[in-house]
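Chains as they are written, first to last, in this note's numbering: chain A, 18 to 332; chain B, 194 to 490.
It is worth saying that the hints were derived from the structure and are not from the lab.
One thing to keep in mind: the hints can contain errors.
Subject to a maximum C-alpha distance of 25 angstroms in a straight line, what follows is the list of computed DSS-like cross-link-like pairs (lysine-lysine) [to be verified]:
{"no.": "1", "chain 1": "B", "residue 1": "K286", "chain 2": "A", "residue 2": "K257"}
{"no.": "2", "chain 1": "A", "residue 1": "K325", "chain 2": "B", "residue 2": "K473"}
{"no.": "3", "chain 1": "B", "residue 1": "K440", "chain 2": "B", "residue 2": "K226"}
{"no.": "4", "chain 1": "B", "residue 1": "K226", "chain 2": "A", "residue 2": "K257"}
{"no.": "5", "chain 1": "B", "residue 1": "K283", "chain 2": "A", "residue 2": "K168"}
{"no.": "6", "chain 1": "B", "residue 1": "K245", "chain 2": "B", "residue 2": "K462"}
{"no.": "7", "chain 1": "B", "residue 1": "K313", "chain 2": "A", "residue 2": "K253"}
{"no.": "8", "chain 1": "B", "residue 1": "K462", "chain 2": "B", "residue 2": "K473"}
{"no.": "9", "chain 1": "B", "residue 1": "K313", "chain 2": "A", "residue 2": "K325"}
{"no.": "10", "chain 1": "B", "residue 1": "K462", "chain 2": "B", "residue 2": "K313"}
{"no.": "11", "chain 1": "A", "residue 1": "K67", "chain 2": "A", "residue 2": "K35"}
{"no.": "12", "chain 1": "A", "residue 1": "K253", "chain 2": "B", "residue 2": "K462"}
{"no.": "13", "chain 1": "B", "residue 1": "K385", "chain 2": "A", "residue 2": "K253"}
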Amino acid sequence: MNLNYLDFEQPIAELEAKIEELRLVGNDSDINITGEIVKLEEKSQKLTKKIYSGLTSWQTVQIARHPLRPHATDYINRVFTDFDELHGDRHFGDDKAIIGGIGRLADKPVVIIGEEKGRGVNEKVYRNFGMPKPEGYRKALRLMEMAERFKMPVVTLIDTPGAYPGIDSEERGISEAIARNLAVMSRLKTPIVCTVIGEGSSGGALAIGIGDHLSMLQYSTYFVISPEGCANIIWKTSTKAAEAAEAMGVTSTVLQELGIIDETISEPNGGAHRNIETMAASLKECLIRQVDELTEVPIDELLEKRYKRLMSYGN
Amino acid sequence: MSWLEKIRPKGPDTKTRDRTQNVPEGVWTKCPKCSAPLYRPELEKNLEVCPKCEHHLRISARRRLDIFLDKEDRQELATEVQPIDRLKFKDIKKYKDRITESQRSTGEDDALIAIKGRLKGMPVVAMAFEFSFHGGSMGYVVGERFTRAAHLALENNIPVVCFSATGGARMQEALISLMQMAKTSAVIEKLKNNGIPYISVMTDPVYGGVSASLALLGDINAAEPNARAGFAGPNIIEQTIRQKLPKGFQRAEFLLEHGAIDMIIARHKMRDTLASLLAKLTYATKSDGADATKNSI
Numbered sequence: 018m019n020l021n022y023l024d025f026e027q028p029i030a031e032l033e034a035k036i037e038e039l040r041l042v043g044n045d046s047d048i049n050i051t052g053e054i055v056k057l058e059e060k061s062q063k064l065t066k067k068i069y070s071g072l073t074s075w076q077t078v079q080i081a082r083h084p085l086r087p088h089a090t091d092y093i094n095r096v097f098t099d100f101d102e103l104h105g106d107r108h109f110g111d112d113k114a115i116i117g118g119i120g121r122l123a124d125k126p127v128v129i130i131g132e133e134k135g136r137g138v139n140e141k142v143y144r145n146f147g148m149p150k151p152e153g154y155r156k157a158l159r160l161m162e163m164a165e166r167f168k169m170p171v172v173t174l175i176d177t178p179g180a181y182p183g184i185d186s187e188e189r190g191i192s193e194a195i196a197r198n199l200a201v202m203s204r205l206k207t208p209i210v211c212t213v214i215g216e217g218s219s220g221g222a223l224a225i226g227i228g229d230h231l232s233m234l235q236y237s238t239y240f241v242i243s244p245e246g247c248a249n250i251i252w253k254t255s256t257k258a259a260e261a262a263e264a265m266g267v268t269s270t271v272l273q274e275l276g277i278i279d280e281t282i283s284e285p286n287g288g289a290h291r292n293i294e295t296m297a298a299s300l301k302e303c304l305i306r307q308v309d310e311l312t313e314v315p316i317d318e319l320l321e322k323r324y325k326r327l328m329s330y331g332n
Numbered sequence: 194m195s196w197l198e199k200i201r202p203k204g205p206d207t208k209t210r211d212r213t214q215n216v217p218e219g220v221w222t223k224c225p226k227c228s229a230p231l232y233r234p235e236l237e238k239n240l241e242v243c244p245k246c247e248h249h250l251r252i253s254a255r256r257r258l259d260i261f262l263d264k265e266d267r268q269e270l271a272t273e274v275q276p277i278d279r280l281k282f283k284d285i286k287k288y289k290d291r292i293t294e295s296q297r298s299t300g301e302d303d304a305l306i307a308i309k310g311r312l313k314g315m316p317v318v319a320m321a322f323e324f325s326f327h328g329g330s331m332g333y334v335v336g337e338r339f340t341r342a343a344h345l346a347l348e349n350n351i352p353v354v355c356f357s358a359t360g361g362a363r364m365q366e367a368l369i370s371l372m373q374m375a376k377t378s379a380v381i382e383k384l385k386n387n388g389i390p391y392i393s394v395m396t397d398p399v400y401g402g403v404s405a406s407l408a409l410l411g412d413i414n415a416a417e418p419n420a421r422a423g424f425a426g427p428n429i430i431e432q433t434i435r436q437k438l439p440k441g442f443q444r445a446e447f448l449l450e451h452g453a454i455d456m457i458i459a460r461h462k463m464r465d466t467l468a469s470l471l472a473k474l475t476y477a478t479k480s481d482g483a484d485a486t487k488n489s490i
């Protein structure tokens, strides 16, 4: 079993293995099998498309958490130029689960805030698995307030299994830190565009997720409680996570239908991790368009629209 | 399940115990903290606070507002907002049926009651969470009622008080529930920018999405003695960090110690304390400058 492929992707993995084998054979012999390889590659693309067009909610959750899925850092490096990372909340410390800084989006200076899960054991620990503590949200708030002062749009990239549930988190007021961000973002005098790039889990995601335009990458997910958590409460076992994911409606398709998000950004065939460059390019294109459009709107009008939008949730 | 529960024979034993505990039903009850037998009518008169150990028992939202507000001049708000099952959510039960069940058992439409009334003569918009209704969880109705009531307060320049008691956002409304955090936080920010006081009182328990939005955004945050409040529940934290939590963790006293709340207010003092706070907070903005607490108690 190829670990780069999820279990429902195993037919693709098998086909890919076959292609690889043929390539090796082709290199060693005089028989021309290029035609055969091309045929199989086409077949693999078709198969991928077929599998990905019928994904269940739970499968989408798995893709959103795929170990190879691009993270905030991957996008920051590809979408923005001239990025300067800025550290610390000025009160307690610097939270590595949230990366913040100033960069340029097609020349225009913007403030970038992204949740970063980290890859590989060491980096994951360093990033606290993408679970921010109060100082992370307070750093984000500090940078957003700076964006307001210097009239820079804010771009946020959401990808977290949730705010950190720990003793220190509670002691330093994780609830207040999240709540404060929600309140301030609702009236921040600069355009805010938010994109769920992987896993948008509950308050920890929302705390950098309020703005004028909310997008999701096609196979990202956004939920009020993790499917495992929901299953634990209702069925008393996390093995029912698939059912919970289905019931809650965690995919971009459902959330766009509900009017919660504005836009779904298409992913390459087989998910963002199959082609990071293509994914980053289309994310960049979307962000440029969104920021350009929103910068055109007079700020009072923008804030009124944002407020009305917030008030409309559930109506 | 503890080892004791595992080895203890089930059946008649526990049943007999339960029966003796409940007799005579409705007249006597037991303090959940100190186990003292309590005479119901006495307990009620004492605002559901154990006279022996001062433990604050949970009370219904309606009772909460009833003992908080002046008797006269009450008007319930936003009752037109009713539950909707947008996702057609179904797990082992249909969400719709869960709602009906909660409505039947509590007599309320949903988990938040909002009333425009008076506190010692001062106009106030007061809200309370009904914890018995689906764990006091916040879905569309709670968020929308909170918001409509706050907008009314905004238009009429009336302070807002909210007593929360909740497990957090309502799973069955999924992202719609999450967005109620955004909605209520935005309207509180509006109150703040218009100089309208908002006092949040946390009563046992306050967790999750409500704690991370409207409950901690007060100009003044308060809690009842010993009330538990936090973002993540103790079980989740224990599972994550794999260690025992310190005694008193997430209790009102812990919150006070760590600077999350301004004060702890005993139920008996709730009216007096909030009236005193609000009278000072609204003094400068009141057109007639009259101090309501001076002439009416």
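Verification of the hints:
For a cut-off of 25 angstroms, the pair hint linking K286(B) to K257(A) stands: about 14 angstroms separates their Cα positions. Restraint check for K325(A) and K473(B): the C-alpha separation of about 32 angstroms exceeds 25 angstroms, so the hint is violated. At roughly 15 angstroms between alpha-carbon atoms, K440(B) and K226(B) fall within 25 angstroms of each other, so this suggested pair holds. Restraint check: the Cα-Cα separation between K226(B) and K257(A) comes to about 35 angstroms, which exceeds 25 angstroms; the hinted pair is violated.
Proposed proximity of K283(B) and K168(A) is contradicted: the alpha carbons are some 46 angstroms apart, above 25 angstroms. Distance hint between K245(B) and K462(B) is fulfilled; the C-alpha atoms sit about 17 angstroms from each other, no more than 25 angstroms. As the CA atoms of K313(B) and K253(A) are separated by approximately 47 angstroms, the hinted pair breaks the 25 angstroms bound. Taking the CA atoms of K462(B) and K473(B), the gap is near 17 angstroms; set against the 25 angstroms cutoff, the hint holds.
Taken as a hint, the K313(B) and K325(A) pair is broken in the structure, with Cα atoms around 35 angstroms apart against an allowance of 25 angstroms. Proximity of K462(B) to K313(B) is assessed by CA-CA distance (about 13 angstroms); at most 25 angstroms being required, the pair is judged to hold. Proximity of K67(A) to K35(A) is assessed by CA-CA distance (about 19 angstroms); at most 25 angstroms being required, the pair is judged to hold. For the suggested pair K253(A) and K462(B), the alpha carbons sit about 40 angstroms apart, so the restraint of at most 25 angstroms is broken.
The suggested pairing of K385(B) with K253(A) is violated, with an alpha-carbon distance near 41 angstroms, which exceeds 25 angstroms.
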